[in-house]
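Trainee: Take a look at the letters that make up each chain.
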Amino acid sequence: MLTPVVDDDGAPFWEYAARGELRVQACAGPGCGELRFPPRPCCPHCHSFDSEWRRMSGRGRVWSYVIPHPPLLPEYAALAPYNVIVVELAEAPRIRLVGNLVSGPDAPLNSVAGERIRIGARVQVVFGADGGDGVRLPRWVLERP
Amino acid sequence: MAGTGAAGLKDATAVVGIGQTPFAKQLPDSEKALACRAILAALDDAGIPPAEVDALASYTMEETDEVEVAKAVGFGDLSFFGKVGFGGGGSCATVAHLASAVATGQATVGVAWRSRKRGSGPRPWKNTAVQLPTPAQWTRPFGLLRPADEIAMLTRRYLHEYGATRDHLFNVALACRNRANQNPAAMMYERPLTRDMYMTSRWISEPLCLFDNCLETDGALACVVVSAERARDCRRRPVYVHSAAQGLPAQHHGMVNYWNDDPLTGPAWTAARHLWKQADFTPEDVDVAQIYDAFTPLIPLSLEGYGFCGRGEGGAFTEGGALEIGGRLPLNTSGGGLSEAYVHGFNLINEGVKQLRGTSTAQVPDAATCLVTAGEGVPTSALLLRN
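Sequences listed follow chains A and B, in order. Residue numbering for the first sequence is 1 to 145, as defined by the working numbering. Residue numbering for the second sequence is 1001 to 1387, as defined by the working numbering.
In short, the hints are calculated from the structure, not lab data. All C-beta atoms in this analysis are idealised placements derived from N, C-alpha and C, irrespective of residue type, glycine included. Just so you know, not all the hints are guaranteed correct.
Far from chain B, some chain A residues (derived; all Cβ distances over 10 Å) [claimed, not checked]:
(1) Pro12
(2) Arg96
(3) Ala129
Label-pair ranges, simulated between beta-carbon atoms [stated by the list, open to error]:
(4) B:Pro1192 / A:Glu115: 26 to 36 Å
(5) A:His47 / B:Lys1277: 44 to 54 Å
(6) A:Ala90 / B:Thr1359: 54 to 64 Å
(7) B:Glu1161 / A:Thr3: 50 to 60 Å
(8) B:Lys1032 / A:Arg55: 48 to 58 Å
(9) A:Gly120 / B:Arg1237: 18 to 28 Å
(10) A:Asp8 / B:Thr1359: 49 to 59 Å
(11) B:Ser1201 / A:Thr3: 48 to 58 Å
(12) B:Gly1076 / A:Gly132: 15 to 25 Å
(13) A:Pro93 / B:Lys1277: 27 to 37 Å
(14) B:His1160 / A:Glu143: 13 to 23 Å
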């Protein structure tokens, strides 16, 4: 499976994720505090280069989802059809994360059937196991399975 | 015309030559050879010798290098050359850049082209070494691998938010296929599409099925741009570049623009504002449209963005044969990317020119104005052509 190619701006996200924390970059400029995703060097609102990483509750809603079918990369084709979802975070609906709806932290991509997914469904973040590369992916489970 | 600001582009230049190769799943020629064939055909159509060409424009994803093409075809000294980014979003901008160069006196004869072997060659999305660094680190690991998956994500939300249906997407696929059935050069010539075929076809990325996706094509196209003054002496009836625009919205995020505040209003909206501001006519006056159709849902999104209907009304707009010949807005009259050929939208430019010359295989009677657009979802571009 593909793993994130981490860049300087995104590195803190993945470091917190490795500890099981979902954090989003926020401007640390005076009086600003705007959240932004994906991470970037400076704030588009106040242009400060100071940022902090704000811990999120990990709750959200399904904004949209797709069910990919082949042709796909071989390791993904082996799991198809699986789901990919976009989650809008409960405390910051315009921060949206791509992920997968799974039956548990280390369950496969196809562990929740497409028919069970609804736009608006409430979800909670979980973190998969470190695959040996130091990266733990945020994943999502239904709040009411 | 030079130095008069934006109004200086209006009708100052014209497309006077178009050329193309055959379109097929597999062609024996290399991309470079295909590019040369299309360019020479376009120059022959214009009646201009290659040695007079002094400006070039293409796409950043175009792999035929301009130095090689210039040498192979025998261009003169070049004073302008450029490439436009963002894949299919760059199509109309190639013509727009040439028009700007010619209108401001930086060049006199410009050639734009696109050559691809996407039918028999590799899939760009499979190149994960190139694709994976940011921002793809936020999408690819989760299995959102292909453009079809990224657009399907927007589509699901669009269908949910506005009550649009798969029948609306089918209307788009059908209009393109019907036009391709009139076009002997189209890959889908003599291959009719039915609703049953559409509804029972295999999924690519739910909610998008096989017929929601563009064709995999080998082929090349080119066109020639000169000043309006010079155009009067060319072999063919000039097709004027009336208005041109690019669009990269504030806080846009490429094809995965569900990271934007308002993901269902994409780059089309930004390009449209500038396009219409510079034009002498409005969407109601457009006789025929060539709207970028790598995926069917780009049509309702673009219909809204370019002002043919209100927000959320793009699906309903397709009802009642609106996109067919004789309908409210005849669309993609060569068959488009869905049914003629997918050459990053360049066939839409050439088809727009054919409509205004009166030589399309699915001619809209007395067509005098045509909208051509580039890929929606990515930073885009658009042209208003008139005769």
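Trainee: A separate judgement is required for each hint: does it hold in the structure or not?
Mentor: Hint check results:
no.	hint	verdict
1	Pro12	holds, 13 Å
2	Arg96	violated, 5 Å
3	Ala129	holds, 14 Å
4	B:Pro1192 / A:Glu115: 26 to 36 Å	holds, 32 Å
5	A:His47 / B:Lys1277: 44 to 54 Å	violated, 29 Å
6	A:Ala90 / B:Thr1359: 54 to 64 Å	holds, 57 Å
7	B:Glu1161 / A:Thr3: 50 to 60 Å	violated, 33 Å
8	B:Lys1032 / A:Arg55: 48 to 58 Å	holds, 54 Å
9	A:Gly120 / B:Arg1237: 18 to 28 Å	violated, 54 Å
10	A:Asp8 / B:Thr1359: 49 to 59 Å	holds, 54 Å
11	B:Ser1201 / A:Thr3: 48 to 58 Å	violated, 33 Å
12	B:Gly1076 / A:Gly132: 15 to 25 Å	violated, 59 Å
13	A:Pro93 / B:Lys1277: 27 to 37 Å	holds, 32 Å
14	B:His1160 / A:Glu143: 13 to 23 Å	holds, 20 Å
In summary, the numbered hints that this structure violates are 2, 5, 7, 9, 11, 12.
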